[in-house]
Amino acid sequence: MIQDRSGNFYVTHGNFYGTQYMADGAATIFRLTDNQTLIPFAQFAGLNDNLSRDAYPSRLVEAQDGDFYGVTLFGNFFRLTPDGQKTAIATLDRNFLFNRLIQGNDGNFYGTAIGPEPPDPGMVFRLTPQGKLTPLGY
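Per this note's numbering, the sequence shown runs over residues 0 to 137.
Because the hints were derived from the structure by calculation, they are not lab data.
None of these values were measured; they are calculated from a predicted model.
Positions of the beta carbon are idealized from the N, C-alpha and C atoms, including for glycine.
Careful: at least some of the hints might be erroneous.
[What the hints assert, rightly or not] Label-pair restraints from in silico Cβ distances:
(1) Gly65 - Arg125: 18 to 24 angstroms
(2) Gln35 - Gly130: 15 to 21 angstroms
(3) Gly13 - Asp48: 19 to 25 angstroms
(4) Asp82 - Gln19: 25 to 31 angstroms
(5) Gln19 - Asn98: 15 to 21 angstroms
(6) Tyr137 - Gly103: 26 to 32 angstroms
The whole structure should be built from the sequences, with the hints applied where relevant.
And the structure:
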């Protein structure tokens with residue numbers, strides 16, 4: 000997989016994926032096929048939609064199982080299948096702002112989150128594909 004600076008990436012089956020964000024954090028993840036067909040892949044509500052926790056999805060990770068995973072800024076951990084089915088896996092701690100994930104060789108996801116203020120300045124965490132969050136350090 001190759002990822003550019005904007006967070007768009009190419010996967011081995013030849014499709015281009017990217018995310019279009021709106022000002023309120025609403026987002027559409029799109030797929031551009033090899034025959035140049037643009038397909039909306041998944042939708043995320045923004046802050047104008049009752050302060051949705053779906054706002055600002057992270058860059059996607061193409062996981063070892065072939066699905067895509069990500070987390071929204073406000074802690075919704077989700078999975079997208081290659082055919083565009085979106086599944087919410089877990090709702091994480093509302094007191095943190097979450098960044099993008101990476102997947103380790105052990106199959107778990109790792110990331111960082113910014114805390115609201117001292118004494119919780121932030122954390123490094125491990126997240127299982129089933130949604131169990133384990134803080135690794137603060």
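Let me make sure I understand: some of the numbered hints might not hold for this structure. Which ones are they, in numerical order? Of the numbered hints given earlier, those the structure breaks are 2, 3, 4, 6, listed in rising order.
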